[in-house]
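Student: We have chain A; now place chains B and C onto it with these hints.
One letter stands for each residue in the lines below.
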Amino acid sequence: MNETILTPILDLLDVIGIAIFALSGAVIAARERQTFVTMGFFALVTGVGGGTIRDLLIGAPVFWITDPWVAAICLACALIAWFTPVTLWQGKLFDLADGGGLAAYAVLGSAKAIAYGVPPVPAILMGIITGCVGGIIRDVVAGRPSIIMQPELYVTAAALSAAITVSGMTLTQWLALPLPDAWIWGAAFLSGFILRAVAIQWRLGLPS
Amino acid sequence: MNETILTPILDLLDVIGIAIFALSGAVIAARERQTFVTMGFFALVTGVGGGTIRDLLIGAPVFWITDPWVAAICLACALIAWFTPVTLWQGKLFDLADGGGLAAYAVLGSAKAIAYGVPPVPAILMGIITGCVGGIIRDVVAGRPSIIMQPELYVTAAALSAAITVSGMTLTQWLALPLPDAWIWGAAFLSGFILRAVAIQWRLGLPS
Amino acid sequence: MNETILTPILDLLDVIGIAIFALSGAVIAARERQTFVTMGFFALVTGVGGGTIRDLLIGAPVFWITDPWVAAICLACALIAWFTPVTLWQGKLFDLADGGGLAAYAVLGSAKAIAYGVPPVPAILMGIITGCVGGIIRDVVAGRPSIIMQPELYVTAAALSAAITVSGMTLTQWLALPLPDAWIWGAAFLSGFILRAVAIQWRLGLPS
Chain A
1 MNETILTPIL DLLDVIGIAI FALSGAVIAA RERQTFVTMG FFALVTGVGG GTIRDLLIGA
61 PVFWITDPWV AAICLACALI AWFTPVTLWQ GKLFDLADGG GLAAYAVLGS AKAIAYGVPP
121 VPAILMGIIT GCVGGIIRDV VAGRPSIIMQ PELYVTAAAL SAAITVSGMT LTQWLALPLP
181 DAWIWGAAFL SGFILRAVAI QWRLGLPS
Chain B
1 MNETILTPIL DLLDVIGIAI FALSGAVIAA RERQTFVTMG FFALVTGVGG GTIRDLLIGA
61 PVFWITDPWV AAICLACALI AWFTPVTLWQ GKLFDLADGG GLAAYAVLGS AKAIAYGVPP
121 VPAILMGIIT GCVGGIIRDV VAGRPSIIMQ PELYVTAAAL SAAITVSGMT LTQWLALPLP
181 DAWIWGAAFL SGFILRAVAI QWRLGLPS
Chain C
1 MNETILTPIL DLLDVIGIAI FALSGAVIAA RERQTFVTMG FFALVTGVGG GTIRDLLIGA
61 PVFWITDPWV AAICLACALI AWFTPVTLWQ GKLFDLADGG GLAAYAVLGS AKAIAYGVPP
121 VPAILMGIIT GCVGGIIRDV VAGRPSIIMQ PELYVTAAAL SAAITVSGMT LTQWLALPLP
181 DAWIWGAAFL SGFILRAVAI QWRLGLPS
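Residue numbers (my numbering), protein chains in the order written: chain A, 1 to 208; chain B, 1 to 208; chain C, 1 to 208.
Only chain A is shown next, with the shape it has when bound in the complex (with noise of 0.2 Å):
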């Protein structure tokens, strides 16, 4: 296992991938009347959720233990949420925020479990988990039905930011090609974003 420094790139993904997650946890919360301590909890578990599953599965250390600011990041979201009103944080425009955060998660998830040595299908996995897995916590908590119980394109905009993640690492090592990995991330979190914003406009699905 195979320490690795992620660059700048994927630290900025990681903040921003946090932050939309927690704020989304923390409104579920508030939307069903809780108290701050709750929307705390729905912030952690749906921001860092993902990624720390992630990180036990590859074997690294937990992220959000041993940076001491990550879960003051979760915390701060919730008291944003406390203090603001819940129709700030709904509709078309928090959905593409979210969509954003899901495809930064599945490329950074991705990235990390290559950088770990992980083989390309367990990796794209790795992807996908980071995406989808905080929100499904979330709603298996809230005892709401789960986003993966339904045909809208969520999981799959996160599996394809994953896989041309993992494609595009892997061929660019195997051939050699003087590819960046930032550009291949770029295009990567491109195509999984717009996907799920092109879902959400013309509320696409897939068939059962």
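If you're looking for bench data, these hints aren't it; they were derived computationally from the structure. Hints are supplied without guarantee of correctness; some may be wrong.
Covered stretches of chain A, going by a simulated chain C footprint (3 or more residues, C-beta under 8 Å) [what the hints assert, rightly or not]:
no. : segment
1   : 34-44
2   : 60-68
3   : 138-146
Small disclaimer: the values here were computed from a predicted structure and weren't measured. Built from N, CA and C at the ideal position, the CB exists for glycine as well.
Tutor: Frame of chain A, contents of chains B and C only:
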């Protein structure tokens, strides 16, 4: 923590268990007319869920992250469930196959825990967890009443296989008996499987 | 990650917390007229669930896997619940005992996290998780509304104990005060326990 090479018998039990459980997960998603993405998710969670928890608990590298094929087998099972009629995977025959996977996983989980130096009582629990937890996570995420809440002889069958494996291997080592591990595993597998088969045939349950 | 010897006080808090939580888990299964196997499962999940998540997150060996007795204590609690009338384990007295387990676990979880070099904010969260997560998993698997979704002062009591533990130990170290850890733990335990007891007596809740 002494890494050990588990024998080919355990490897075969492992693949059979994964495939049967993955199928059962995918079929539950198919029954509720879910998309392929959801079926893949359930195939994976059900197929590798129990073994994942076991590996995290005993401090082993998670088996399907280091192995490039296990995750692909689960997704292949989801594909099979997608392209075949659901009715093919229902009824007593499939329940029996599921019982076989349960007993196989219970033996495998206990044997692996012992190989990692886990004491007897936790080692038995590792066998039970390996056999049952994938299905429990599947049911919780799908919002179904979980097998653990029903009087059926299901967890009990896993407990029987795990207890025979652990007591057999521990006694053999203490008394320095010339009994090969494969015999113990075979006896443990058959005991759990037969108990489960009898329970399916005559709808036996535990007293409450 | 510097392994540390936690003192006998923490060990005692630990066993008390495990036994109380294991009983509460087994009793919930008993109320729903479940079998002994299900009661054992709930005793185990509730008794060791929070500490398991904590150990996985901070990278410690999972405590009940290396210790041969903890799992046996949980199963013994399930036996006790099986052979005694359920009504014995209901009412205010048992709620108080549960509050004691909650505060004890919160102190223990935070202290262990600090011993493993976890920064303050995550260390407080480790205390909360150790105290509350076993009960949350129990409720989610049983399909009951979880304590985290109710305005009761429950998670808040754990948060108080954890915050006092972490701030006390951190300040003592920074300012090189001659204050023994046992005093901090005692004060932290009492604060959380009294807050919980007051909340039970006068049915206090947080504003939503």
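Student: For each hint, tell me whether it holds in the structure or not.
Tutor: Hints, verified against the model:
1. 34-44: It holds: at least three residues are needed, and the segment 34-44 of chain A offers 7 whose Cβ sits within less than 8 Å of chain C.
2. 60-68: It holds: at least three residues are needed, and the segment 60-68 of chain A offers 7 whose Cβ sits within less than 8 Å of chain C.
3. 138-146: Held - the segment 138-146 of chain A has 4 residues with a Cβ nearer than 8 Å to chain C, which meets the minimum of three.
Of the hints listed earlier, there is not a single one the structure fails to meet.
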